[in-house]
Amino acid sequence: MFNPERNEMHGERNTLKSSKGTVLGLLLVCLAFVAVPTAAQAKPTITISGSTTVAPLATQLAKGYLKSKAGRNKVQFKILQGGSDIGVADVSRGRVTLGMSSRIPKPSDPGGIVFNEIAKDALCIATHESNKIAGMTQGQVQDVFSGAVRDWSDVPGSSKNGTVNVVIRTAASGTQDAFDKIYMAPKKTFSGASQKASNGLIEQQLERDPLAIGYLSLAFQKGVHILNYQGVPCNLRAAKSGQYPGTRPLFLVSRGALSGPAKRWVDWIRNNKQALNIAATAWVPFK
Amino acid sequence: MSELLNGKGEGFRLILLVFGLAVAIFGVASLISTSSAKADETTDPLVGINCTGKVEAITDSIFSDSFTYEFGCDKDISALTIVSNRELGSFSTEIIGVNAAGEPGVGQDFFCVGAVPSSGFGCYGNPGKTPATVITAGNKGIGEFSMFNPVCDANAQPMFWGIAQTVYSTTNDLDPLLPPVVRTWTATTEPFPLDVSAIECEVLNPKVKARQLKMKAKVMCSKVKKTKSKQARLVAKKKCDRARAAVPKAS
Chain A
1 MFNPERNEMH GERNTLKSSK GTVLGLLLVC LAFVAVPTAA QAKPTITISG
51 STTVAPLATQ LAKGYLKSKA GRNKVQFKIL QGGSDIGVAD VSRGRVTLGM
101 SSRIPKPSDP GGIVFNEIAK DALCIATHES NKIAGMTQGQ VQDVFSGAVR
151 DWSDVPGSSK NGTVNVVIRT AASGTQDAFD KIYMAPKKTF SGASQKASNG
201 LIEQQLERDP LAIGYLSLAF QKGVHILNYQ GVPCNLRAAK SGQYPGTRPL
251 FLVSRGALSG PAKRWVDWIR NNKQALNIAA TAWVPFK
Chain B
1001 MSELLNGKGE GFRLILLVFG LAVAIFGVAS LISTSSAKAD ETTDPLVGIN
1051 CTGKVEAITD SIFSDSFTYE FGCDKDISAL TIVSNRELGS FSTEIIGVNA
1101 AGEPGVGQDF FCVGAVPSSG FGCYGNPGKT PATVITAGNK GIGEFSMFNP
1151 VCDANAQPMF WGIAQTVYST TNDLDPLLPP VVRTWTATTE PFPLDVSAIE
1201 CEVLNPKVKA RQLKMKAKVM CSKVKKTKSK QARLVAKKKC DRARAAVPKA
1251 S
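First to last, the sequence lines map onto chains A and B. Position 114, counted from 1, in the first sequence is what my numbering calls 114; the numbers after and before it change by one each time, with no gaps. Basically my numbering = 1-based index in the second sequence + 1000.
Errors might be hidden in some of the hints.
[Stated by the list, open to error] Residues from chain B shown here face chain A by an in silico Cβ test under 10 Å; the list is partial:
#1 Gly1089
#2 Phe1091
#3 Thr1093
#4 Ile1096
#5 Ala1100
#6 Ala1101
#7 Pro1104
#8 Asp1109
#9 Phe1111
#10 Cys1112
#11 Val1116
#12 Phe1121
#13 Asn1126
#14 Ser1146
#15 Asn1149
#16 Cys1152
[Stated by the list, open to error] Just the calculated beta-carbon pair ranges, DEER-fashion:
#17 Thr45(A) - Thr1171(B): 43 to 53 Å
#18 Ala1198(B) - Ile104(A): 41 to 51 Å
#19 Pro156(A) - Asp1153(B): 50 to 60 Å
#20 Ser146(A) - Pro1206(B): 16 to 26 Å
Hints listed in this document are in silico derivations from the structure and should not be mistaken for laboratory results. The beta carbon of each residue, even a glycine, is placed where N, CA and C say it ideally should be.
Using the sequences provided together with the hints, build the complete structure.
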């Protein structure tokens, strides 16, 4: 009297319809503000995506620019995220105006893109607040992060006993790339390490896990213990003076040479006193 | 054909039988499909999503006019939108779901996107991830934003609303003759207000108010010299002093 197969197909179709609806719904809810900002539509828009390290700086610089004489009522910004590799891929495909990157160019990057440095950031080694190790040498960092040392009792200065929980960033991260180059080369990070997609997630992990160790951008230091590296404290003063060896440049990546509103914004970031002051709050300004 | 039409052939009876059966089958099938659709609708377990949240000032932020917000719902949330009657100057591009003890939930990180300046932004989990990223029921999503202008530079108290989205499935296995039909639904809350009691402005538009009070004091004080009688001058002077005292010192 009835055809179960037909009804099953009917059910599948419903599920398909609903999942289409889900995606549409998500897009509507989340992109509503990307699509319909309050400012006039005629203004040129600078769209940026990429590094979670650069994002807090870029959003503050965008706000500062919009409040300044140079940028007031002249431009608007759309901000997305995703990691340095995403930012580089997005800009090379023309999906965004500028990609945010916290790593230097890779040979595997697509051609035709330009890395425009806007500031520097210090990469700090951090542990749980209760694990107050004074500092580490490069050798010790390599031993812990490569998995050669697996117990806190073997780490000089640690009051903890138990397995070291190494927390690193995912492969798409510029911070991971910078850490590999600055701290680890030629060694590799431990394959059993827990991988996190953002600075915020590493910070959260270090806050809650007394046996964890990881690395963070200088701007993310709430509720964690920051270690000295090679005898130098990881703070803004040491980073600005150039003493701290774990600094890396932050970039806004463009497709070809900078032009138009994006060029004016990056020029403002690099030269305007107000912009340099914004960068100086938690990063090393361009100059 | 003419044989069939005048009802003399067996083929005609056969066609009538097949046609009659077809009508009966389609009739019953449509009745079944209507009743199962009704069953689906009536078995939808979601009666609503209840969410709460609040906005508080960040006192130790290196950036001015910075605020933290948090929200929590009684269903798993797959996306969230924050809207305001103020223009926002920046927002944290990631928020993380934490439990009551403040510990982050695994796989509960949302990315946020939006325009700057604008009246809000949207945050979402990764729908392509398995399992999909959600902030689970009972956990709180926590993020930050900053105002484009000082929060009290407006004619109305600051207000914020959240709109949350949940994705859920229902299984219709009421009819034992049918295989269970799984349906995925998306539901969105009505805008729910975030508690802003911690950031309510004592004085709205303080600069404009101060300017108005200064002007008023100037007018009052100018009357002192113009008044002719001694008593009227004393009264005018008192009014002038009162008006001057009302002007905020910073202005």
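We went through each hint and held it up to the structure:
1. For Gly1089(B), the interface hint holds, the least distance from its beta-carbon to any beta-carbon of chain A being 4 Å, beneath 10 Å.
2. For Phe1091(B), the shortest C-beta to C-beta distance to chain A is roughly 7 Å, which falls under 10 Å, so the interface hint holds.
3. The interface hint given for Thr1093(B) holds, since its Cβ lies 4 Å from the closest Cβ of chain A, which is under the 10 Å cut-off.
4. With a least beta-carbon distance of about 6 Å to chain A, the hint placing Ile1096(B) at the interface is held under the 10 Å criterion.
5. For Ala1100(B), the suggested interface contact is broken, since its CB lies about 13 Å from the closest CB of chain A, more than 10 Å.
6. Look at Ala1101(B): its Cβ gets to within about 9 Å of chain A, closer than 10 Å, so that hint holds up.
7. Taking 10 Å as the C-beta contact cut-off toward chain A, the hint placing Pro1104(B) at the interface holds, the least distance being around 4 Å.
8. Restraint check, Asp1109(B) versus chain A: the minimum CB separation of about 6 Å is within 10 Å; hint holds.
9. For the restraint placing Phe1111(B) at the interface with chain A, the shortest Cβ-Cβ distance is roughly 5 Å, inside the 10 Å limit, so the hint holds.
10. Interface restraint check: Cys1112(B) against chain A, minimum CB-CB distance 7 Å, threshold 10 Å, status holds.
11. With 10 Å as the threshold, the beta carbon of Val1116(B) comes within range of chain A, its nearest partner Cβ sitting at about 4 Å, so the hint holds.
12. For Phe1121(B), the suggested interface contact is upheld, since its CB lies about 5 Å from the closest CB of chain A, less than 10 Å.
13. For Asn1126(B), the interface hint holds, since its Cβ comes within 10 Å of a Cβ in chain A; the closest pair sits about 9 Å apart.
14. The criterion of a C-beta within 10 Å of any C-beta in chain A is met by Ser1146(B), whose closest approach is roughly 7 Å, and the hint holds.
15. Interface restraint check: Asn1149(B) against chain A, minimum CB-CB distance 9 Å, threshold 10 Å, status holds.
16. Hint status for Cys1152(B): violated, given a least beta-carbon distance of 17 Å to chain A, over 10 Å.
17. A C-beta distance of roughly 44 Å is found between Thr45(A) and Thr1171(B), which places it inside the suggested range of 43 to 53 Å.
18. One distance hint, 41 to 51 Å for the beta-carbon pair Ala1198(B) and Ile104(A), holds here, with the actual separation near 43 Å.
19. Taking the beta carbon of each, Pro156(A) and Asp1153(B) are about 54 Å apart, inside 50 to 60 Å as hinted.
20. Judged by the Cβ atoms, the range 16 to 26 Å given for Ser146(A) and Pro1206(B) is violated: they are separated by roughly 57 Å.
When each numbered hint is compared with the structure, violations occur for hints 5, 16, 20.
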